[in-house]
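A.B. asks: Protein chains in written order, with this note's numbering: chain A, -1 to 366; chain B, -1 to 366; chain C, -1 to 366; chain D, -1 to 366.
Be a bit skeptical, because a hint or two may be false.
It does not matter which identical chain is used: a pair holds within one copy or between any two.
Quick list of in silico lysine to aspartate or glutamate cross-link-like pairs, EDC-like style, CA-CA up to 20 angstroms [as the list claims (entries may be wrong)]:
| no. | residue 1 | residue 2 |
| --- | --- | --- |
| 1 | Lys190 | Glu62 |
| 2 | Lys196 | Asp260 |
| 3 | Lys196 | Glu35 |
| 4 | Lys190 | Glu270 |
| 5 | Lys190 | Glu176 |
| 6 | Lys97 | Glu330 |
| 7 | Lys196 | Asp167 |
In short, the hints are calculated from the structure, not lab data.
Protein chains: 4
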Amino acid sequence: MAGNSFGTLFVVTTFGESHGPALGCVVDGCPAGVSLEAEHIRAALRRRRPGAGIAGTTRAEPDEPEILSGVFEGTTLGSPIAIIVRNTSHRTADYDALKDRYRPGHADWTWEAKYGFRDHRGGGRSSGRETLCRVAAGAVATRLLDRYGVVIRAWSSAIAGITAAGPDDPAFSFDEIEGNTLRVPSRRDAEKIGEKLKALRDLGDSAGGTVSCMVTGVPPGIGEPVFGKLDARLASAMLSIGAAKGVEFGAGFAAAASAGSDHNDSLLPTAERLSDLVPAARYATNRAGGVLGGIATGMALTFTVAFKPVPSISRAQNTIDRSGASCAIAVEGRHDLCVAPRAVPVVEAMTALVLADLILLSRSDRLS
Amino acid sequence: MAGNSFGTLFVVTTFGESHGPALGCVVDGCPAGVSLEAEHIRAALRRRRPGAGIAGTTRAEPDEPEILSGVFEGTTLGSPIAIIVRNTSHRTADYDALKDRYRPGHADWTWEAKYGFRDHRGGGRSSGRETLCRVAAGAVATRLLDRYGVVIRAWSSAIAGITAAGPDDPAFSFDEIEGNTLRVPSRRDAEKIGEKLKALRDLGDSAGGTVSCMVTGVPPGIGEPVFGKLDARLASAMLSIGAAKGVEFGAGFAAAASAGSDHNDSLLPTAERLSDLVPAARYATNRAGGVLGGIATGMALTFTVAFKPVPSISRAQNTIDRSGASCAIAVEGRHDLCVAPRAVPVVEAMTALVLADLILLSRSDRLS
Amino acid sequence: MAGNSFGTLFVVTTFGESHGPALGCVVDGCPAGVSLEAEHIRAALRRRRPGAGIAGTTRAEPDEPEILSGVFEGTTLGSPIAIIVRNTSHRTADYDALKDRYRPGHADWTWEAKYGFRDHRGGGRSSGRETLCRVAAGAVATRLLDRYGVVIRAWSSAIAGITAAGPDDPAFSFDEIEGNTLRVPSRRDAEKIGEKLKALRDLGDSAGGTVSCMVTGVPPGIGEPVFGKLDARLASAMLSIGAAKGVEFGAGFAAAASAGSDHNDSLLPTAERLSDLVPAARYATNRAGGVLGGIATGMALTFTVAFKPVPSISRAQNTIDRSGASCAIAVEGRHDLCVAPRAVPVVEAMTALVLADLILLSRSDRLS
Amino acid sequence: MAGNSFGTLFVVTTFGESHGPALGCVVDGCPAGVSLEAEHIRAALRRRRPGAGIAGTTRAEPDEPEILSGVFEGTTLGSPIAIIVRNTSHRTADYDALKDRYRPGHADWTWEAKYGFRDHRGGGRSSGRETLCRVAAGAVATRLLDRYGVVIRAWSSAIAGITAAGPDDPAFSFDEIEGNTLRVPSRRDAEKIGEKLKALRDLGDSAGGTVSCMVTGVPPGIGEPVFGKLDARLASAMLSIGAAKGVEFGAGFAAAASAGSDHNDSLLPTAERLSDLVPAARYATNRAGGVLGGIATGMALTFTVAFKPVPSISRAQNTIDRSGASCAIAVEGRHDLCVAPRAVPVVEAMTALVLADLILLSRSDRLS
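Chain A on its own, in the form it takes in the complex (with noise of 0.2 angstroms):
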């Protein structure tokens, strides 16, 4: 499979250009029966989109998404489904600057050394616009994980160096992730957080952040050792976004400083079966973030994503041109300043889609 599809059973494929004709995804095997419609891909999208906040950039296109197949009467067929958005805001005059220079943090110079030359207009395939295809598919896979009572919630966990409240902290909150821009879930640290960013802005400069995700209704048994384990596939799907550089699962980083006896999460007695073989389990902690062994514990599955600054900043930087001569480079146009806020829902489609798809294969775990 070439680069640009994801997954096995439920499979993505992306494509499109930041300043091409149009961006879109091919989901092929969602399974027939899915109620969808358009509203739910542009729902979808809107949360994407840049809001008025301090983090995102102003570049602001509709997004209008347009279903070309796959779908009957608002059901799914089980035929690919394809879906498109135009790119309708074609500044590609603010690139032309660019085009024989690298940007310092961009893929820029990569592409080039990979393909021969690029589309240097807003980074082409490299850009951020491509995500916009991963929440529409998210959108579809979104709508299957209804079905099993799957929730997907992620946030801003940490901004320009200052963390958040947690799920454990009274502060945290679900319904004020999307109450402020920075998808912070306190009131009082998205205020502290913006002072912050602010005050970066006015340096030309940029922040990196945090994105914690929290699902549940995961179905125990979810997961394809050896190499196609639950947390595994998150890590592949979490790094494959743009301007990510870690990612952590349960007590994570944390674990690896922490003995066995604190780290282990015990079983809790039950009356449930899962079947006439095995009872149900529920853990009496889940420092495992919901994963051993690479199978779904039942646990909610909790992670966080580290994301560098974004690249593009105001303030000069030292860089080369083509002819390998050393020049400035001072990125203006429309940029983010924290990628973070509207990484979250980027993170939670990235998940959808791993999920449908270890779902759908687990169908196949047993012989009955």
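With the hints as your guide, set chains B, C and D onto chain A.
C.D. replies: This is chains B, C and D only, laid out in the frame that chain A set:
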């Protein structure tokens, strides 16, 4: 592709349970013409075997590899290379007590939740012994990478909460890594960590740790955006290793707390060229860890993997039995105290598999 | 990989229903640097469109392709190439009568057996219109193959029981193929077949036929034993075309009735060499059809595909309706009389997809 | 996926050269809970071994299978099932004469053209002995298919130009197939063919043949349009068998010469239902061979595979040696006279692999 294969062109399939007749792998897609002897596999497996040190298990099997196919007169044929290693140390009785109880921190219950039953002997397929197959396959990949000048080196960068000297510290030495059983790159730190581990062992406890990896000679341009990015593939590879809980590339999670002006790596002026159109590139720093936009920059590839503490501890823990009733468990038998030292060759092997695959894939990047 | 993708490195995913908004394809893995314009796709689609002749349907859509991504200034970028074609001729009402009845010889019932319901308008995804996507993708592959000197030519070799002159017959002419609407390579045979078809049409009946294909310039050595053999891949490609019922390579079914001494192709002495170790080879005959052991010999690749008669006929047939009750059906509307002539460009396109993929795969055959 | 794996969910990877240490397969994706013993594999391999009859080679190896993994206490675990068979009959010296000469009709030269060199001993990986791995894997698939009531039966339908009685002929008997060494389903025809083969053998020649297959109990609805159609998958499977030159389904090539009114199969009225929306279906005839639109109709699946004559003949043939010079070759040693009888279990095994995979894939067709 089912869950036990990895790769697109250089494809590895592994098999084997901890206490079954044998474990092994099939490497399909290795180009013809690579010189390969059983001794290459044997040497790699020797590094994976438990040593005499404090961290390791005392299960000591000879782990003698046999190449069944794909090699003729010391050279790969282009056909699949099958390698098996017999299990000889079947102390199955050790595990009888575990048949009807679920060890905390292990995949005992999740495996049953998925498949309906399990091979309880030593974890079956979810045993750390499964990594033997990866190391054997990695040895094949390494023979190929040798021809490209790729050098992969990993080490224990932190154990039990003690962080060892890193590559920028004068105390760090690549030569020291194999000089102590903990694979810590500084004699001083190895001793400090050894003391800490002894204390944990006396408490019947275990420790987590991190493994860091540095790869030089990576051809710029490898990586398959957008889902087969170099870091996405590596993240998938690392999280597929049992006990891994996180991975970070370059500055990693620290990048999420930094500003763009601090994180971006500048490009250095150069007279060398990749092609008429594209100059060669070197970066002044390497916070990116050798990857931009999912494509190798040619700088050293650097990443760190977090491993949770070994879940098997001799201290009593609460769990449940097959009936769902509460019970205590103290896991006796042969177990590592910390997984990091023995994970070092596994991290290297998985890295080799990813790089071999991406290098072959990059042969199709361009027309000529 | 789900059912609507084809290939390993040069991967095509197709989508679209006969009467949905659009059909299209995504070509992922096409190397960068291939010159490609919409006109290349348009020209290929033009050959697939129904002509004025006796065999074709009268549904005439403009089939205007739009390249949405993957091409920049007339050159492929290395990123996925998405192409769509809008459906404009929605005479949906034609199909209302078919909503609750199952047409014999069509996939109406099997599609419902699989997915629980179907898009009944014009066969939905099982329509012959789906081949449009293959032809568009094949046009991209052909641009790549042009660079290797590969030339693919197919023709109607038999229709309605009348076998046309083959390449060894002086009446055969490649130039004649596009000279008649039946794509029969001999004017004389085209006329004879035309008469036969008219008679069938007058009876409200249809005809089967065969398409033969000859490919020159195939690089020796392509093909991926043992499951991705050149002929296995082509067989899969050909039988994936609607209405195909068989395929044979070289001497084909006749080989099964011959003796080894009659069938084997001798090798001719040569002074040319592939390498120090391996001489170049030419075969005195080509009963093998250009493939031995699933690997290209470099001789012309030859094969023939059998197509069943078009199942839509205006004569009354017995079938059942949704209630399970017996009913008669006479399929009116726009249908081909024989699929062979229009299958010619589809056979060529699928051949191009297979060869492009295998050529890219062969780049990894050997170390250097 | 590299060339030695087959399938999407039920994935088989095979390995091994004719005269290497061992051959084998890994079956990944077999559901847990299937009862499987070495005896099931052994029995299947026994059917593949050369018999005492006229058509077979005299190489007689015990072909003792060993299950290395994936089975615990007689039941599949859900983890990969590795099976190996040691090569014991290494009469390597037989092949020294062939080291520098290319046998007509064999893959000797194409293999070198691809990989630069080859294992010349008995054809190496291109030997018919490779089918042993397929039969072993097919035995696993058959255990799964047994649970679905799928029954696969193949036979020699024509040898050396003599066509045996087909299923509609009273002389045909499934019970007779294993009653003669040629696997011809009629005693009378077996004798006639035996005479013909003896005559060919006396001439130092060989014969081609066809193998037909009939599968009952195929669940309606399996098959993955548009590229993973049931017939496309089978065609790929069949043409991947060495010496196969063609395949046809149902009426096959004869369909290409017929009219629509003769070919279409009518549906029969029924009171049974698949679901509220969809009636059950039976067809009055089965010219389609059990597949419409690439999806199983539930009628018997029928197809025929053409095999070329065994290329190894003791009559002198013209070829070239490594220097490119003309030379004669007479292939002595242990070879089959006609491949059809021994191809029967291979055709069955490959059919089983395709059906097991498609049945598992069909579990994801619909929402519930």
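A.B. asks: Indicate, hint by hint, whether the structure satisfies it.
C.D. replies: Verification of the hints:
Taking the closest pair of Cα atoms, Lys190 and Glu62 never come within 20 angstroms of each other, the shortest separation being 34 angstroms inside a single copy and 54 angstroms across copies. Taking CA atoms no more than 20 angstroms apart as the test, Lys196 paired with Asp260 passes between copies only; the shortest distance there is 17 angstroms, against 40 angstroms inside one copy. Taking the shortest alpha-carbon separations for Lys196 and Glu35, neither the intra-copy value of 39 angstroms nor the inter-copy value of 46 angstroms comes in at or below 20 angstroms. In this assembly of identical chains, Lys190 and Glu270 lie within 20 angstroms of each other by CA distance neither inside one copy nor across copies; the values are 46 angstroms within and 47 angstroms between.
Within a single copy, Lys190 and Glu176 get their C-alpha atoms as close as 17 angstroms, which meets the 20 angstroms cut-off; across copies the closest is 48 angstroms, which misses it. Taking the closest pair of Cα atoms, Lys97 and Glu330 come within 20 angstroms of each other only inside a single copy of the chain (14 angstroms); across copies the shortest separation is 57 angstroms, beyond that limit. In this assembly of identical chains, Lys196 and Asp167 lie within 20 angstroms of each other by CA distance neither inside one copy nor across copies; the values are 26 angstroms within and 36 angstroms between.
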